[in-house]
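Just so you know, the sequences run in chain order A and B.
Each residue of the first sequence is one higher than the one before, counting from 36 in the numbering used here.
Each residue of the second sequence is one higher than the one before, counting from 1442 in the numbering used here.
You may find that some hints are simply not true.
Here are the computed distance ranges between Cβ atoms for each label pair [said to hold, decoys possible]:
id, chain 1, residue 1, chain 2, residue 2, range
1, A, V159, B, L1445, 29 to 39 Å
2, B, D1530, A, L57, 37 to 47 Å
3, A, R44, B, E1529, 19 to 29 Å
4, A, F157, B, L1535, 37 to 47 Å
5, B, M1454, A, R44, 12 to 22 Å
6, A, S59, B, I1542, 22 to 32 Å
7, B, I1488, A, P45, 48 to 58 Å
For the record, the hints were derived by calculation from the structure and aren't laboratory data.
Every residue, glycine too, gets a C-beta built ideally from N, C-alpha and C.
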Amino acid sequence: MADVNRGNRPLSPHLTIYRPQLTSMTSILVRITGNALIVAGLMIVWWFVAAASGPEAFAVANGFLTSWFGDLVMFLSVLALWYHTLGGLRHLVWDSGRMLDVEKSELAGQMMMIVSVLLTIFTVIVV
Amino acid sequence: MAFLTDRKRAMGMGSAKSGTEHHWQMMVTSVALLLLIPLFVFTFGSILGSPYEEVIAYYQRPFPAVVAILTMLVGWFHFRKGVQTLIEDYVHGLARKVTIIVMICISYAAAAFAIFAIVRIAL
């Protein structure tokens, strides 16, 4: 088994030469958005800790989160959060054995992009 | 190649044994977060930017406080598992172990700080 001849078989295509597709792009975006949420996550933790610490600490944290930079991070994070949530929903549907073919996966990918933008606009209007 | 043993070839390639547990935990936390995230976005979003006294009064109410506690608990656990998958895909060797340990510690610390803070505000 250890010295089995595996032959000169072709390697699977690497990312650098693989044509970007809707399915692969929407998939990697789920990973990027999910991990990028650490920034907003830590900012929210800071905000809660500051609120528990007292008015002075709260003023600093709240000032940062509501500054133009904080607003920008929060806005992008809301978009990332809705996209990642829809991506998770797609994974749960996939795990149930449904919508696994290319057409339905691409449709789900398009819906994720459209619905996450709509949910972000809705969130900005409501809050 | 001819001198490799079966064991040597399998070593470092990982095991599927704990992978199913990891996947199941991601599924459970995903389902929980499907409910928690909308609740948290609209409770936290509505109070963010309000004066100190209003924020304190808001998080003394059970519903926003419990939503925030559960979101921090489940959210950071979900992150801890997710970021481990990211690291396992792109970081190798000792750096992989170090990064995973650091991210696990950050995740639990963030959850602990947030939950302690919310409980302190609420009580």
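Taking the hints in turn, this is what the structure says about them:
1. A/V159 x B/L1445: 29 to 39 Å: violated (58 Å)
2. B/D1530 x A/L57: 37 to 47 Å: violated (21 Å)
3. A/R44 x B/E1529: 19 to 29 Å: holds (25 Å)
4. A/F157 x B/L1535: 37 to 47 Å: holds (46 Å)
5. B/M1454 x A/R44: 12 to 22 Å: holds (18 Å)
6. A/S59 x B/I1542: 22 to 32 Å: With a Cβ separation near 30 Å, A/S59 and B/I1542 satisfy 22 to 32 Å, so the hint holds.
7. B/I1488 x A/P45: 48 to 58 Å: Check passed, 57 Å falls within 48 to 58 Å.
The structure is inconsistent with the numbered hints 1, 2, although it conforms to all the rest.
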